[in-house]
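Using the hints provided, position chain B relative to the given structure of chain A.
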Amino acid sequence: MGEEVKLIGSIQSLFSFRIEWALKLKGVEYEYIKEDVRNKSPLIFKYNPVHKKVPVLVHGGKPLPESLVILEYIDETWKDCPLLPEDPYERAMARFWAKYCDEKIWQAYMAEGEEKEKAMGPALESLAFLEKEIKGKKFFGGEKIGFLDLAVGWIPHWLNVLEEVGSMKLLDAEKFPSLHEWAENFIQIPPVKECIPPREELVSYFHSALIYLRSLSANKP
Amino acid sequence: MADEIALLSTWPSMFGMRVRVALAEKGLKYEYREEDLRNKSPLLLLMNPVHKKIPVLIHNGKPISESMIIVEYIDEVWNHKSPLLPTDPFQRAQARFWADYVDKKLYDTAKKIIWSTKGEEQETGKKEFIECLKLLEGELGDDPYFGGENFGFVDVSLVTFSCWFHTFESYGNFSIETECPKLVAWTKRCLEKESVSSSLADPHKIHDFASGVRKRLGIE
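Chains as they are written, first to last, in this note's numbering: chain A, 7 to 227; chain B, -3 to 216.
Bound conformation, chain B alone:
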């Protein structure tokens, strides 16, 4: 039986992009459905009645939510190629820990940079964001990827933020490359992979999108 895979997401979502990267790594064909978050489709509300959020992966009619849980599911079901998690339990735990760190810390600090006006909140957000990136840069060390020699779970969790970097830099008035050169080099390395370059949104389009949201929020 052929697998039926559908992904409900929105094009600027760094979380949705994670799933696209994972699906591309595994060479999987799927139906992509763009959601309008201000007018959620009946399918989204049916498939994710709990959170009503994207991304949602629907595999043979069964929905899964939460981007890194979806990525792990994809890795377990389609384990024939491009393993994203290592086999050693301790390394797997490390990978889950750092992906969890990206989820817990990075998004919330980044939000303060772009969805608030200049001031204390934005400065705090910027400072915390840079601290998080530096910690992650330290964790990367001299390896080509967070997964070591191979692109892996933590790489997926973080690389999708990179198309938002230009937007963070522009509104926060700082340069991520100056602060974290090794991390930016890592993002360029990842972008050489077809699975990443075909899944990430254009940074300038993201900037236009963010600008539109800021206008609606009355902060631009």
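The following block holds chain A by itself, in its conformation from the complex:
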């Protein structure tokens, strides 16, 4: 294609990683621009004026935010190693579960006390669905990694960080053995293994992020 690809991301953003993995899987050359989400550069405001967040993909100078939107764009632009299934129904399911898992597990991490109890239900439901989906398969995409693998690919490394910081236990190896096995396999894939950030850094970041996010919620009218 020839046009320059840049990814503005951050090791603090678990959403950034799914984009890196997708680009690496498809063999796309890109320049990684590192952001510190606690100290955002003018670049973020320029390329994502609406949400002011990472990741942002910039292709041929044109910016694209929102990680699940970016994943679909990458899949449509670079045809090697297709991520979404061909069948429209399966595509709809992949999109639904990617969105659902993002929302529900995040809500469980952020919630406190009684709210947390309530939020655990949907979060566990997501894991139960994933457990059912992955049984008998190596990856959600089958023999190869697909859209849903990338969308929930933060689970292997990040979930136990969120569990520790958010005081919750979700991915129980006994309750979700197939998902646990998938997680072990997923982490070993070269494009994923190459860019896993150090755990201590993540724990420290998510701990301070949680305090900040909860204070924002507390201050809402």
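Mixed in with the good hints, there may be bad ones.
What the hints assert, rightly or not - Listed next, the stretches of chain B that the computed footprint assigns to chain A, with coverage defined by at least 3 CB atoms under 8 Å from CB atoms of chain A:
| id | segment |
| --- | --- |
| 1 | 59 to 71 |
| 2 | 81 to 95 |
Stated by the list, open to error - Just the calculated beta-carbon pair ranges, DEER-fashion:
| id | chain 1 | residue 1 | chain 2 | residue 2 | range |
| --- | --- | --- | --- | --- | --- |
| 3 | A | Pro183 | B | Leu213 | 42 to 52 Å |
| 4 | B | Leu33 | A | Lys143 | 45 to 55 Å |
| 5 | A | Pro183 | B | Arg29 | 33 to 43 Å |
| 6 | B | Trp7 | A | Ala134 | 30 to 40 Å |
| 7 | B | Asn35 | A | Lys181 | 57 to 67 Å |
| 8 | A | Glu35 | B | Trp111 | 48 to 58 Å |
| 9 | B | Glu188 | A | Glu131 | 35 to 45 Å |
| 10 | B | Trp7 | A | Glu131 | 22 to 32 Å |
| 11 | B | Lys58 | A | Glu10 | 36 to 46 Å |
| 12 | B | Glu216 | A | Gly119 | 27 to 37 Å |
| 13 | B | Gly134 | A | Glu10 | 25 to 35 Å |
| 14 | A | Glu170 | B | Leu187 | 51 to 61 Å |
| 15 | B | Leu187 | A | Glu200 | 48 to 58 Å |
Quick caveat, the hints were computed from the structure, so don't treat them as lab data. In this text, a Cβ means the ideal position worked out from N, Cα and C, and glycines have one as well.
Just chain B now, with coordinates in the frame of chain A:
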């Protein structure tokens, strides 16, 4: 084999209306089932056990939830006419981004206007709601539709909110046309389409509905 299509929804739901617009754009026949959200049918609980929410599209027995995911599914399966998403990947991504923006921002801000009593929360909701609409108006620019020359994905995601505008204006005490004249002109343009006018609820009936809900919530 003839396609069997059913839609579970409620008449005031702007999300359910999105699916009706998409089905109408494609000229599809379907069975409509009105749900009572205070007394959900066994079919709804079976077809959407996860969210237990409407709308749910059931196509040949297989359920799909989440309105814009349903709209995209409809666009992919019945691609013989009225494409809702463009063919260019970047434009498709833009369309998905803005539909996602409508989902993330508009509903939550609008809720504050109508489901809370007068006060700081309502004022904040009103301010944020107008900001969102102005951003969307900017995105529309001088094009007839968000899809450019043709009615498209983002148009579907937003137009169904328009039958609720009268309700937002009445409880928020403001005029959307004064704040966003181009956007209101766009809603009128969309309503000239049969697929939209036949799918959107009557704004006055919506207002009566909202009034009933507010009474039950004890804020009226």
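Structure-based check of all given hints:
1. 59 to 71: holds (count 7)
2. 81 to 95: Coverage by chain A holds for the segment 81 to 95 of chain B (7 residues, Cβ < 8 Å).
3. Pro183(A) with Leu213(B): 42 to 52 Å: 45 Å, holds
4. Leu33(B) with Lys143(A): 45 to 55 Å: 36 Å, violated
5. Pro183(A) with Arg29(B): 33 to 43 Å: The hinted range 33 to 43 Å holds for proline 183(A) and arginine 29(B), with Cβ atoms some 39 Å apart.
6. Trp7(B) with Ala134(A): 30 to 40 Å: Holds, since tryptophan 7(B) and alanine 134(A) (Cβ atoms, about 33 Å apart) stay within the stated range.
7. Asn35(B) with Lys181(A): 57 to 67 Å: Given about 33 Å between the Cβ atoms, the range is violated.
8. Glu35(A) with Trp111(B): 48 to 58 Å: This hint holds: roughly 50 Å between Cβ atoms.
9. Glu188(B) with Glu131(A): 35 to 45 Å: 43 Å, holds
10. Trp7(B) with Glu131(A): 22 to 32 Å: 29 Å, holds
11. Lys58(B) with Glu10(A): 36 to 46 Å: With Cβ atoms ~42 Å apart, the hint holds.
12. Glu216(B) with Gly119(A): 27 to 37 Å: 31 Å, holds
13. Gly134(B) with Glu10(A): 25 to 35 Å: 27 Å, holds
14. Glu170(A) with Leu187(B): 51 to 61 Å: Given range 51 to 61 Å: holds, Cβ gap about 53 Å.
15. Leu187(B) with Glu200(A): 48 to 58 Å: Holds, since leucine 187(B) and glutamate 200(A) (Cβ atoms, about 53 Å apart) stay within the stated range.
The structure is inconsistent with the numbered hints 4, 7, although it conforms to all the rest.
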